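**Student:** Generate coordinates for the entire structure from the input sequences, incorporating the hints supplied.
According to the working numbering, the residues represented by the sequence shown are 8 to 320, in order.
Treat the hints as calculated values from the structure; they're not laboratory data. Values in this document were obtained by computation on a predicted structure and should not be read as measured data. None of the hints are false.
Here are the simulated distance ranges between beta carbons:
{"id": "1", "residue 1": "SER71", "residue 2": "ASN138", "range": "44 to 52 Å"}
{"id": "2", "residue 1": "PRO254", "residue 2": "LYS175", "range": "46 to 54 Å"}
{"id": "3", "residue 1": "ASP239", "residue 2": "PRO15", "range": "41 to 49 Å"}
{"id": "4", "residue 1": "THR33", "residue 2": "HIS142", "range": "44 to 52 Å"}
{"id": "5", "residue 1": "ARG73", "residue 2": "PRO148", "range": "28 to 36 Å"}
{"id": "6", "residue 1": "LYS65", "residue 2": "VAL24", "range": "19 to 27 Å"}
{"id": "7", "residue 1": "TRP160", "residue 2": "TYR47", "range": "16 to 24 Å"}
{"id": "8", "residue 1": "LYS175", "residue 2": "PRO276", "range": "38 to 46 Å"}
Here are the simulated DSS-like pairs of lysine-lysine, each with C-alpha atoms no more than 30 Å apart in a straight line:
{"id": "9", "residue 1": "LYS253", "residue 2": "LYS66"}
{"id": "10", "residue 1": "LYS237", "residue 2": "LYS177"}
{"id": "11", "residue 1": "LYS121", "residue 2": "LYS253"}
C-beta: ideal position from N, C-alpha, C; glycine also.
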Amino acid sequence: TSYGIIGPFSLGVTQCVLDSGFSAETWYKFIEKNRVTVWYTAPTAIRSLMKAGDEIIKKFDLSSLRHLASVGEPLNPEAVNWSIRVFGKPFHDTYWQTETGCIVITNFPGMPVKPGSMGRPFLGITATVLNPNNHVPYPEPGRIGLIGLKPGWPSMMRTYWNNEEAYKNKFRNGWYLTGDRARIDKEGYFWFVGRDDDVINTGGHLVSPFEVESALLEHPAVAESAVVSKPDPINMEVVKAFVTVKPGFTPSKDLELDIMNFIRKKLSPLAMPQEIEFIDALPKTRSGKIMRRILHAKEWGEEIGDTSTLENE
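**Tutor:** Here it is in structure tokens:
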């Protein structure tokens, strides 16, 4: 893309791209050998490194690193705190879409990082949280709504190729609709809730999959987690969690109970998973994004749809 490739080249930046499967040792060696200064990766990759342990890091000279950033999925606070502990600096969460052409909400250098937050709108970007019913910005902080961007920034998309109708449907009441939900705190930081179609409505209450996944990842046995809804005769839908465990732990009913008791202290009763299913690996794209729609489709007995981007497909 012009943003990801031509932009850095125009500034004389050398880009180092490692095209390989996961290996913590290979990745750290790559950073050391190329004296990488800015490391841009994804939350799934960070969690894989966390799973590999801290001791391996001591084998490599990573002192060239001056800025760490993440993109592709919400960055859990556990990953930010881990990077501060092992690298001496936080991973900065960044938010953008192909349609935006550039980062629009981010934790940029020099700004205090709140682990788990997307950060604030980038310079020149006007962003807000909209009431989904009338697409008017909420006047007070803390309300969950749709992320809206005021059109007009230079890299904004011009249209969808051969689909002008879809392009027009991305705009309401003078705002570009990202399709994501978030809330804004009193200091203007955005906190991701989930894709609009991923947010779980159980008993009339909205539950953020990201919030539940973050709580699960704090448990010492949990390597990765993905949360979706499953059908329920009373509440229409309830929360279900899929979990992979770290080396040294074995899936069992006792472990499920231990995890449930652990996250019960962190979540509201409605956000609690009604079931935890242990699986060997979560379905992911080749770029490392968890494909929650596949898990959702299986729970609801729906067609899985296109899997061309599925890892190992």
